[in-house]
Structures are given as C-alpha cells and as structure tokens.
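Participant: Please build the complex by placing chains W, A, U and S on the supplied structure of chain L, with the hints as guidance.
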Amino acid sequence: MPYEFVRLLMLQWICTTGFVTSETADDVKNLIKKLFHSDGYSKNIRPLIKQSDVVEVETHMILNTIIDFNEKEESIKISGYLGMAWYDDFLKWNPTDYGGLGRLLFPQNDVWRPDVALHNSFRNFTGLGSNNLLLAVDNTGAVTWYPYQILEATCDVDITYFPFDTQECPLKFSAWSYTIDEVIMIEGEKGIITEQFEENSRWSLVNTTVEEVKGVDAMVIFKMKLKRKSTFYVFNILIPMVLLSFLNVLTFVLPVSSGERASYAVTVFLSLAVFLTIVASEIPKNSNTISIVSVYMTAVLALRFATVMTSLLELRLASRAKDKDLISSGYMAIYRLARICQCRHDGKSRSATEIGWTDVVSALDYFLFWLFIGLTFVATVVLFVVAVKR
Amino acid sequence: MPYEFVRLLMLQWICTTGFVTSETADDVKNLIKKLFHSDGYSKNIRPLIKQSDVVEVETHMILNTIIDFNEKEESIKISGYLGMAWYDDFLKWNPTDYGGLGRLLFPQNDVWRPDVALHNSFRNFTGLGSNNLLLAVDNTGAVTWYPYQILEATCDVDITYFPFDTQECPLKFSAWSYTIDEVIMIEGEKGIITEQFEENSRWSLVNTTVEEVKGVDAMVIFKMKLKRKSTFYVFNILIPMVLLSFLNVLTFVLPVSSGERASYAVTVFLSLAVFLTIVASEIPKNSNTISIVSVYMTAVLALRFATVMTSLLELRLASRAKDKDLISSGYMAIYRLARICQCRHDGKSRSATEIGWTDVVSALDYFLFWLFIGLTFVATVVLFVVAVKR
Amino acid sequence: MPYEFVRLLMLQWICTTGFVTSETADDVKNLIKKLFHSDGYSKNIRPLIKQSDVVEVETHMILNTIIDFNEKEESIKISGYLGMAWYDDFLKWNPTDYGGLGRLLFPQNDVWRPDVALHNSFRNFTGLGSNNLLLAVDNTGAVTWYPYQILEATCDVDITYFPFDTQECPLKFSAWSYTIDEVIMIEGEKGIITEQFEENSRWSLVNTTVEEVKGVDAMVIFKMKLKRKSTFYVFNILIPMVLLSFLNVLTFVLPVSSGERASYAVTVFLSLAVFLTIVASEIPKNSNTISIVSVYMTAVLALRFATVMTSLLELRLASRAKDKDLISSGYMAIYRLARICQCRHDGKSRSATEIGWTDVVSALDYFLFWLFIGLTFVATVVLFVVAVKR
Amino acid sequence: MPYEFVRLLMLQWICTTGFVTSETADDVKNLIKKLFHSDGYSKNIRPLIKQSDVVEVETHMILNTIIDFNEKEESIKISGYLGMAWYDDFLKWNPTDYGGLGRLLFPQNDVWRPDVALHNSFRNFTGLGSNNLLLAVDNTGAVTWYPYQILEATCDVDITYFPFDTQECPLKFSAWSYTIDEVIMIEGEKGIITEQFEENSRWSLVNTTVEEVKGVDAMVIFKMKLKRKSTFYVFNILIPMVLLSFLNVLTFVLPVSSGERASYAVTVFLSLAVFLTIVASEIPKNSNTISIVSVYMTAVLALRFATVMTSLLELRLASRAKDKDLISSGYMAIYRLARICQCRHDGKSRSATEIGWTDVVSALDYFLFWLFIGLTFVATVVLFVVAVKR
Amino acid sequence: MPYEFVRLLMLQWICTTGFVTSETADDVKNLIKKLFHSDGYSKNIRPLIKQSDVVEVETHMILNTIIDFNEKEESIKISGYLGMAWYDDFLKWNPTDYGGLGRLLFPQNDVWRPDVALHNSFRNFTGLGSNNLLLAVDNTGAVTWYPYQILEATCDVDITYFPFDTQECPLKFSAWSYTIDEVIMIEGEKGIITEQFEENSRWSLVNTTVEEVKGVDAMVIFKMKLKRKSTFYVFNILIPMVLLSFLNVLTFVLPVSSGERASYAVTVFLSLAVFLTIVASEIPKNSNTISIVSVYMTAVLALRFATVMTSLLELRLASRAKDKDLISSGYMAIYRLARICQCRHDGKSRSATEIGWTDVVSALDYFLFWLFIGLTFVATVVLFVVAVKR
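Protein chains in written order, with the working numbering: chain L, 48 to 437; chain W, 48 to 437; chain A, 48 to 437; chain U, 48 to 437; chain S, 48 to 437.
Excised from the complex, chain L in its bound form (with noise of 0.2 Å):
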C-alpha cells in the first residue's frame, strides 16, 4: 500500500469512525449489496449528484526506474505508479451501520475511474492499471488509486553537448475522453516521490517538477530533468579519440629519411577508421543537430586528412635532387626561420650551397608539428570547456 498519502486517509478515518474493530464480513456484504444493487451504482456516470460539477483527480507520481532513454526514437521509458485520489459521492456510508467498517476495496474495474491517459504516449492507449488491481474507498467516498504501470512517452531530445548533455523529458497526464469542465487533473503535494528511485546506469535524475495546465483538458505534466552520465563516453571514447589526435601530429617527428613516413601517416588514419566504427556505435543516431563529438571527430579528421596530405607533398619535395630543381627563395626563407627558432643550433651558419631539400623539409616538418599541435590542442580544450560548461 503506497504511503503517507494513505495513512493520512486512514487516520482521518480512524478518528471519524471512532471504535473500529467490531465489523464483520456480513457487514462488507451488507454494503456492498447496498451500494451496488439497492443504490444501483453505475460505473459510466460521473461521481457527483450535480452532474455540472467538475470531478477533481489528485495526482502524484512515484518513480521507480528509468529503464530506457532512446535518443533515435526520443522516447523514455519508466515504471512506477501513479497515485490518483478523488471523491466519489455515491461510494459513501455511516461506518456505525456497518460496525465501524470504514474502508473497502474493489477491483478497479466495478466503480468509476477517470480514464487517466498519457498524452505523449509511446504506446497504444490502454487505460492505466490492471483487472486484478484493486482500488480503495473510504467510508468519506475518498477512492484511491494507485496503477502500478510502465510508462513510455516521446521526449524531445537536443544531443548538441552529447556526452555531457541534460535531458527534460514530460509525462502529461489528462483525463482523455472529459472535457475541463467534467474532469480536471490536480497537482498533489507531493509531486514526483523519488523516495523508492532506484538510480539508472546511464542517467542521473537531476530534478523534477510538476505543472497543471489548463486548455482544452486540464492536464498534470510530470516533469523529469535528466544528466547524462558520462564517464562510460569519457573512457571509450574521448580519451582514445584524444590519444589519437595527438598520434596524428607526430607524423611530423618521424624524420623523412627514415622512409616510413607514409605508411606511418596512413596506418593512423586507419587506426582512425577503425576506431570510428566503435563510436559510430556509440553516438546518438538522431540528426536534429549535431553533437560537439561529431563536430571534434569531424575535425579530427580533416586536420588527420592534412597531415597525410602534407606528409606527401614533403616525401616529393624531400625526393629532389637539388642541381635539378633549385630550391626557391620561399623555401629557403622557411628554412632560415626554423633555424632561428631552433635556437640551439644557431652557432653554425651555413652557407646556401650546403643546404639541401632534406634541410628544407626539416624545416617544414618543424613548423607544421607546431602548427598541427596547437590545432589539436585547441580543438581539444574547446571540446572540454563546452562540455565542462555544461
């Protein structure tokens, strides 16, 4: 029996009722046979004498698990039960006739019910609960309900800060088939009870709120504000992915000479590749934006894509011979430069004849290992302050 909620009822029944324990089964008998076949209680009318009266359902929400968030179908689904309480004139008795009886319990099929529905269902309409379920009545006319139910609802997703993203997923709740002025959902107390929540592997639920709206219907929503969790991405994704990037740029420390720097450039790239069909598993497939992730990986791998680039066109320039092709002004500059940043090995000066393509290229290799670091390094701090942020 679901909690406070209830005792409460049960207390104030308690007091009304004054001396409890002398009812019999007969008793049960005699008001159910009361109710039902003397006062002839029909299930399809509306609780309430004056039937331009509005039936007011009390709602909260106890939360159990969330058992899936699916980013592709932007649906979530949860289970836990809903607690409706409403006041139901014609289930109402004077326990003294019954010997104190104060409380009955019915399957939930025999008396009146709103037909609560989730508007932003996932799934067929059904109606909430169960025929084994059983419903509570005080002697008051207060009924209780509480469908125990696994809840599926579309939820708009935003994977923009994929892995570090927040989610805010509704469940509006209306009476389906009255209009506002024949049912109305009221907010309970309560809210969304997380007492019994038990946390979820992938997502921490940050907080919840609830809001009545007032159109057509008077709907309850549910709110859910869900962080995900992010160290799974972070291990087998973010830190190889990194790793890489940085691979990447040492094409350019592996000296020309050694002859296997294209075949070095190219097996990172595949190494890539690979790696790829680990995190094209991973990502989110929904293409309403883009995540930072795709936008880094997609980075990653033009900036791999230049790398190789360059690597080749140094190879040619590395394989002249320097009485067939001179080396140009511009490369000489380029060569120049790189010995003043040098600094160490600025003592010797060395003449124009001496220097050969090879010098050159060192040079080059100098300058694009600097200039493909800070871009990976850039790439990479603002990946992590955009995440960070969040």
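Think of the hints as simulated: they come from the structure by calculation, not from any bench.
Relax, there's no trap hidden among the hints.
Okay, the calculated bits of chain U under chain S, using three or more residues with CB under 8 Å as the criterion:
1) 116-126
2) 198-205
3) 358-365
Where is the CB? At the ideal position from N, CA and C, for every residue including glycine.
Facilitator: Just chains W, A, U and S now, kept in the frame of chain L:
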C-alpha cells in the same frame, strides 16, 4: 479531450440545450435506462432508422510522432489518434427531459462503431481503441470517438536519392466490413492536425494531404510527405568518404623512390574497407533501386582499384634498367608532354640518353594524378549536385 | 470491403431480393431476434440441417506485403487476408418479410466459423480475426469472412544459389479440429489476389499457385514463389569481392626489388579479412547447404593464402646469393621459358653466368601472375555463370 | 484434424454407432442441452463419477519445427502440438438417441481440461490452446485435444565440443495443480511424431525419446537430441582460422634481409584480431565450459605472440655487427646443426670467421619454422580429431 | 503439484478426514453449490469473519532459472513460481458431509486472493498467475496457490570488479493494495527452493536469503546473490589484452636500423583499436562506476601511446648526424649507464668520438624496454590481484 472539433460540438450543444446546470446523476441514469433498455439499443445495427441510407463517418487525424521508418521492411510507425464523428439515430434525446443533460460518455464497446481499419496495416486487425476508452455522444446523436493508437503501415520506399530522399506514406482507412452503400468515410475539414507533432530525429514532416477514394470501399487516405534529415549522414558518411577519395589520389604524389608507394596505396584501400563496415550498417538494406551513395561508393572503390593497379605497374616500370629494357617512343612522348605541362622546368632540355625509367614514371605520375583527381572530383560533384537538386 | 467476390454476392442478393430500399432498423432487429432467439441459433453446431453433410469453405487469399523472410529461422511473415465463404443453413431468411433486407453483419464471435488455422504456423494458434471484426451474411445463408492477418509460416529454404536464389513458401490452411467428413477447405477461383500487393524491398513475387490437398484434413495450400532481388548484394558484396580478388593477383606485378611485396601481400589479405566482417553479417546463417558465394569466398581466401606463401618463397629465393647457392637447372628452365613467352625481350640472349636469382624470381613472377589471374578469372566466371543460369 | 489417433477414435465410434447418416442439427442441440443443462455439467469438477479415482491423460507430441536454440539463455523454442486424450464420465451418450450422432466439438473452455503446463517453461504460465480452439468428444466420453503451441523451455547446454556438439533438451509436462492422486500424465504410443517435422537450418534432430516420471507430480518428459550442423562454422570460422595459423608460420620464410619481417609479423597478428571480431560474434556466449574452438584460438594467439617476439629478437641479433658482438658458441652450434639438416648446402664448409650474424639468424629461422609449423599442425590435428570423434 | 508443503497439507487432511475413498462428483457439486450459492461467497471480501483481523500469507519461492541479467538496464529476469498459502474462513467444510471430500480445486479467479505484486518490477502490474491456473483448498480452509511466473525486477548493479563481480538482487513482494492491518506477507520456512534450479550460462547462484520487512506494507524480500562466471571473459578479453600489452613493449626490441619501427609501433596500436571493437561490445554499458578492466584498458592505451611517441622521438635522434648535432652530456650519461647495466659488453670501452647517435638510441631502447615492461607487468598484476581478492 481533443480539440476544436469537440469545442464546436459543445458549443452547438450548449446552444440547443439552453440552460445546462441542473442535471443530476439520476437524470443520467434515467437517460441510460431509456436508451438502452426501453428503446432496446443494439450495437450490431447500423445507427439509422432507414437502413438503406449510408452512415457518413467524418474523419481527421491528430499526429503525435513518427516513431520509426523502416526502409528494409518498407513500413512506417506513428503515434497519434483518429478523430471520428457520425450521427446515431438511436442516441438522441431531449435535454430538457433530463435536467438539461446534453452530453453522455460510454465505454466504446457499448455503442455501434464503424469497424474502421488501416487498410495497409503492418499488424493484425484488432480494431481501434480499447475497452477502457470512452466515446462521447451529444443529444443530437452526434458521436465522437478519439482512439489513441500506434499505427504501423506499409509505405513504398524509393531510396535512390538516399540520404537526401523524400518519402510519401499513405495511411488508408476504411470501414473494413461495410460496403460503400452502408458506411462511407469522409474527410474532415482539418485533415492531419500537426499542432502537437513532436519532431522526429531522422525525418522532417514536409506536408500532409488527405484524399477520399470511392471504389468498392470508401477510403480516407492520409498522406505524409517526409524528408530525411541528412546531417548525420553528411557528417558520418559523406565527409569521411570524400576525404578518403582524395587520400586515394594522393598516391601519385608519393614519389616512387620513397619505397612506400605500394604500402600506402593498399593501406588506403584497407581504410576504405574498414570504412565500408560503418557505411554498410547505415545504408538502408533495400534492393529496389541503388542509391546514389552506393553508386558513388562503388565508383570510389573502382577508382581505388585502378589506382593500386597503376601504382604497381609504375613500380614495375621504375624497376626496369634502362640498358636492359629500352624506353619505347610512347613512353618518351609521355615524358616530353609532361615536361611541357610542368612549365617551370622547361628551361632545361635533356638529351634522350639522360632520361631514365624513373623520369618516365615521374611523368606518368603527373598525368595520372590529374586524371584521377579529375575523376574523383567529377564523381563527388555529381553526387552533390544530384543531392542538392532534390 | 474486399473485392469482386463481394460484388458478386451483392449482385446475386440484389437480384433475388428485387426492391431493397424500404428496410428499417426494426426489420433488422426483428430478423436478429428471429434468428438468434426464436430459432435458437447455436454457434457451436456446424451450420447444416443434415449433420452428416460436409461444410465446404471456399477460400482465397489477398496478399498485401511480404514483411520478412528469415533464412536462419526458415520462416516467412506476410500481411494479407483470407477470404472465406460458406453456406449457413440457419442464417437464411426471406427478404420480403424484413422490408427487403438482404444482408446482415455480425461480430465474428456470434456465428459458427470453421476454426481455420495455418498448419505450418510459426506462432501460437489463436484463431483468425478478432472480436471486433464483422462477418457478412446474405439472405441465402452465404457467409463471407475477411480476417485481416499477419501470417508467419515455416518455409523450407535452400540458399545454395544465394544471392540469386528463388524460394517457394507454402501457407497450409485447414479447419484445425474438423475431419474431412465435417468441414473441407476448397480453393476459390481467385487463388492468391495480388492486386494490392506492395513490392518487398528484398524479394520479388514470381508467381503464386493454389493447391487442394485431401488427406486426413482437407487443406488449401497457397504457394508463393519468391526471387531474391540481388542488386544490393551485387553492389555491396560481389563487386568489392571480385575487385579484391584481382588486387590479390597484382602482388606478382610488384617487383621483388621494391622491398614492399610481403607488406603488400599481407595487407591485401587483411583487407579481405576486414571485408569478410561485412559479408559475414549479410550472408544467411543457414547450415543446410553452402551457398556458391561462400564457396567462392573460400576459394578466394585459399588463392590469397597461396599468393602470400609463394610471394614469401620468392623473396627467399631472391635473397640468395648466386655464388653461394647455385641456380638449379629447373629454375634455369623456368627462366628460359619466361624469356620465350615475353617475346619482346627475346632479341637479347644472355649467358648463364649473367643470370642471377632476381632474374629467376622475375620469371617466376611472370608465370605465377598468369596462373593466379587465370584461377581467379575462372572462379569468378563460374560464379556468375551459375548465377545467371538461375 | 490430427492423425491416426483420431482415425482410430472415429473408427471405433462408427463401429459402435452402426448407422450414422441420419443425425440432424436438432439432435446436436438436444444432446448439448441434455449434457450441459439437464445433467448440469461443471467444468470445474474432475470428470469422474468416483472422485477418488485418477484421471489418466494420454499424451503424445507432434513436432513441427525447432524455431530457435539459444546457447546463452540455454533455452529452446519449438512449434508443434500436444495430443492429449482422456475419458470424461459426464460426456457420454447413446448415439441412437441422437440420430446416430457419435462426435461433438466444443470450444475448449466449455469442458474440463487438465491444467497441463510445461514444467521447465521459459514463459509465463497461460495454459495451452486458446479460446477459439475446439476439442472433440465421442459418445464413449473419449476427449481429444490438440492445442497448437509455441513452446519455450530451458535446456542445459554443454558447448565444449562446439561446433560439433550434440545437445539434449527435455520438455517436461505435468498437470500443474493436480497431485498424482488426481490426474496423471501417461505416455502415448507414438511418443514424438516427426512426420511433419521441417528441418532446422542449424540443428538436425538425431532422435527423440519419451519418459514417464512419477514423483510428487506425474510428468511426461519428451526429449529431443539435436546435433549442430557445422558446415557454416567450418567454412566461415575453421577454414579461415587454419589458413591464418599457417600464414603466421610463414613469417620465418621471409628473409630477415627483406626489411619487412616485423611489418609482416604484426600485420598477420592484426589480421587475426580482425578475424576475431567475426568469430566472437558467432561463438556461443556461454561461460559454463570453454569450447575446443576457443582453446584452439587462444593457442593460435599465443603462438602468434611467440612468433612476433622471436622475429623481433632475430632482427636484433641480425643487427649486431660481428666485430663488436662476438658470436657465442651456442649460436655457432645452432648454425652448424642447421647446416647439417639442410643437406643440400653441406658440400661447402665455411670457416668460423666467414660466418656472420645473418647466417646465425638464417639458421634460427630454419629451426623456428619447423618448430612452429609443428606446433600449429599438432594443434590443428588435435582440434579436428576431437571434432571427428564426436 | 508443488512440493512438500502440499504433501503436508495433504497428510493433515487425510488425518482429519479419516476415510476418503467414497466421495462422488455429486458431493463436489453439492459442496460447490453450498459454498458459492447458499453461503454467498464473495471474492471481493477478505476471507475473515472478523474483518479487523489480518490475513497472513505465507510465501516461499521456487526458482527455476535466471533468464537474463542486464547490466545496462540494471534488471534481472527469472523464471520460477511463488508458493502462497493462507486460510479462508469461508472455504471450510466438514468432509464427512461430502463423502469424505477433503480437497477442492478452483480457477484462481473464483476465490479471494491477495493482490500480490513484485514491488520492484520491470513490467506492468498484471497480477500473478492466469485465468487457467487452479488453486487448491482443503476442508480446513487452507488455500495454496502456485502461480508460475516470469519475474523481471530492477537490481542495483555495481560493475567495478567486472568480470569478477558479484551482484545481489532482491525481489520484493507485497500485497499491493492492502495495508499492514489487512494483509501481511510472511516468510515461509523454505525461503527460496533451488532444487529445480538450472544453472545459468553466465552467472552462478552463490546463496539466497529471505527477509520480512514491516513498514507501511508488509513485504517479503527474496534475495539472490550471483557471481559472474568469468571464463568467457578471461579467454576472449583478458588473455588477448595481456598479450597485446606485451607485444607493445617489444617495440623497443626492434632495432632502429631495421627501418620498420614506426610501422611496427603503429600497427600494434591499430591491433589494439581493432581489439577494442570486440571489448566494447562485451563490457557492460553502465556508467555508475568504471570497471577495473576499463581502467586497465585505458592504462594499456596510454602506455601504447607513450611507446609510439618515444619510438618516433628515438627515430629522430637516430637520424641526427654526429657532426652536425653534438651528443649532449645527458645522452652520454645514459649511454654509459646502459653499458654498465648490459654487463657482457663492458669489457670494451670506447672513446667518446666513436660513440654515435645510434649507440645512444640503442642505450635508450634498453632503458625504455625495461621501463615499459615494468609498467605493463605492474598494471597486469594489479588487475589480477584485485580480481583474485574478490
């Protein structure tokens, strides 16, 4: 309670009934007793006094979300609800006789309903709605029914322009067992209402149309035109694919003398193979037509094969010794042509004897590079032009 | 309402009843009262006055789509509906007694139906149709029933000629609990109606046949012959596989002196391994027979293994020093033969002493290239001939 | 209508009733009225006049297909139907009183049935058959029931000899709520009937047995022995794996001087890693025992590791200069031993000074090649012997 | 019929009723008539004459199999059945009045049952058992109910020690709609009965406990402690991962002069990337904690990155010419230290001028090899120690 349609009905009802506030639960009971017991309502009889008339069922649709679009199964899965309205001759009453009561709600199974079915369904026929769903009747006999439903329908898919494609899916509703002389479906004023529509992560809803078809059955066809959101594919498939294409052409930049050309060429080929494993899992597995992306990919693969082949042949040429294998005049011509094109080296002219096989290969490299870069460029441009034109 | 069959029934009924326009809801009520209460209709009794007669159920099928064909589970899943018609002796009436009423509709559970079941089903027996489905009866007692259904049936699969295979799937219907002396299924004139058939993305419907089988049960067997659409497989599996096969042979084009041959050979092998990961996920996981594609792939793998092995052995030969290891006469013969075949170099004849191990390896390359290209070509041609012949 | 069992019943009935052709629908109605209304049949009472007797339910099973066998969940899913027969004391009549009527059919829920359940089920208990299923009774009170069913049962799996394994799965049926003194299940003559059995694509049915167990419950256990069809695994896993194993050994064929050995060795290792991604998705994920295939794969992996390691060590040896690092006597012995084994080079004997580190490495290659080829061969042979023995 | 509990009940009943053999079907009918019609049994009333008393439901559980344990969803799925027993004051009779009849069976929906629900369920509340299930009552009013069920419950997962982890899952049962003053669940003597338990392929059942909790509701909590079977992971993940780790360290064995070091280092890195694709699909996708395996893998990745980086830097050093770039004293020190450590070469001392950059790199190799092998070894040992300690 769904929208303006209902409001209209309510207005109408308020007008006809004048003063509404005085009805009691007993009025409702009496009315129910009158309709179902005294008048002997039978839910198996079409609700017309004159049975040779036709029941007109006005239909519109409220679309909530597109849950899934399956290119392989050629199906679409949406959530939403149909709004249906018709007149029931046997559910009319004079509100003044029942305390001004103007509206009644019943479980859907208590009254006659058309056995509306989705004609191109992907699921068993089970009827719309559920036993827990209520249906509203006003005193003029106007019945409104809003069965919330997950609908799965077949949809003819054309993936030629994937991932820039647009698809049109019809949802064909008819009264399954009734002929056109018994029950006809007619199109409501609203068509498909998309006010509550939540964007799908993969498809955007371009427009919706409604059609009435009168053949053996009187169908209402709701059509949805969907455009695929292509950012995911552009970032994860097209950009890497184009980069890989150009990486391939760079083979000819790598000098033969580097001793890495075969390795480089075949490793780029391998990268493509790895990348294909990602692409293969994203491309719709549909054999009706070939998508432009698949054609592009096959072209890239063929170019890559040609690249590897010519590279190896060049390596064989380069390994020839000038003294053993004379350079034929064809090769000489290629060499001289290359010299002319690469203007900057034109100053020096060398005698035939000075020219070795490596010079010939270098000339070949020059032409092949521009040939393959041209082909790759043309293929890529064609791909994007076709895509943009859509 | 389904097609011409119904039209026929309607025509017939219009003819027999003459003037139809005057029936009222009361006529319908009276008729129902007469049939079900006065005459005491029982849905558990076969609808024949003389119970020793046989009920003949005429059956045809309207095929909508093929949803799935599962080679591993050897099952087929289709959507469509059966059309069934029989005569019910107890549902006859004189239209003139009931205002010319000639046609009635009932929920399917109200009247006798044969318990038709799919004999080779893949799902629990639950009976066709649903409680919400209606069934039409005309005044001659002719009952027509159109249960819309998703049918899953077992289907014997032979994947030998995959992806150029043709499969035939039977759907065996019989009246489950009745013997041949009680109810028999007979084949309707139409067989399988495919007017509304929407093409499957993987299979094309070649033709359909219907058979009646009279053993212990009287079955109607609907057979569908399906041909696999192979473009997807040709583009995504066969073309890359053939390209990889030829890439493999190119190993012998690469000169031994390039110092890259082992790398090249093993990287091509690796590309095949990667590519196998794609193929493995596309090929039907069925162990009854081996498909020609699998055989081809195994042949390619074996050839590739042979290529790598011979390449390495050649490298070992090439590393021999002529002075340490004399060239045996066998190798000499190979060299001379190669010289003769490569006509253009025939002019120069060299003495035995001039010939080194590299020349022998070069000669071996020549023969091995033509040998492997021949084998690859034969394997590929055989594959396509077998495919085309089907 | 299922098989001979029924025929027998029919024969028997024809014999006892003599002349059968005269029964009418009214006879059937009268009989039903007599049995269910006059005699007051109650489906909740065991069908025995003397309630202390035991109801004997004869059971056999008709097996249609094996749908799935799941090694991870250790479950089997089959389609087929149980045939059950028992005597109902309250469903007897004299055929001559009812126009010779000898056989009646009822919806299964109208009469008493044993609540037969699959004891080792993988699904919720829901009872066999469905409301639409009919059940036949003849005038002697013999009831026959053929509920078509998909059965999912747990099955203890031993994957040690995968993919050459044989599994045995029991299906344990008992009358769930009845004790052995109330209802017992007995084995029918037929056991498991496999005439309609359609071969599974992965498993062949070796044999079937039936057992009766009488403990607290009286169970009938149907056992199926299944042998895995291994062609798929042989072609897609074993053959490539064996080829890769031998490719590995070829590392020692590649001369150290080629400058490609480390690349070759590590690329072969990579190919294995890639191939493992295929194997990992095919091998049953079951941790009870380790399959021989997994052991083989681990052995291959270890051998490959050893190969790479020894290759690298050889390269280090080969890079030594003879003048700096003297060749120790151990290496000398290895060299001389290799000389002796490789008979053809025996003619020339070289002095110690002529021998360099490359000669030593070459000798090591010779021994390591035969060592590893031996180990690989032994492992492969052991694998196949174990497999064949099964 | 389940176990000893029942036997006990039966014994008791036999004892109290004395001679049992004479009951007839009419006795049963009379008893049913008496209980349900004369006494007016109502299944909606708690089965107590004095309604202020509490119904005690004794509960135990028979566990059949663990079907699935899902680390991502944090859920467990088991098959088994609850055994429940309580006393019903209104289902008592004197056996001698009914021919000695001592036991009756009813469909479960005919009598009062507690609406027992799994409190931490993963599925909709639907009530236990099914309409076809029977429930036994003896003449003392003792009711026993054995609903066979698939239960899915949430379970808090801690994957820190994966794959050597132990998990504990509770199944919390309470009478959903009743307060502690109406119905309480009490723990039966047997707790969880595991005699029929069939081993899961991934988890072994360590032990089971039962607890009673009395808060607002009176719950019975069945706890199962599970230990993961780790052989699959050891063979398929840990062993290959450890081999790859050591392969990585071997980079420093490969002499710089071989010209393959960069290729080797990056290809080993690539092998790891490929292998990660397998691991990523096997590791539980749970972000609550990081498993030790993930930490190990990240460490290995970082080491590998460091290896590649240092290798490339060494190559750059090795490419320096001694005359252009003087060897600094730091490098000299490293070289001399390495000389001392590698004792066997100590005999020869070389002058500073003889020492080139390659000698320095060789010395660095020596230290880096031992450094990295040490780090790898420590990481591996820590992993296994943590694992074994659990």
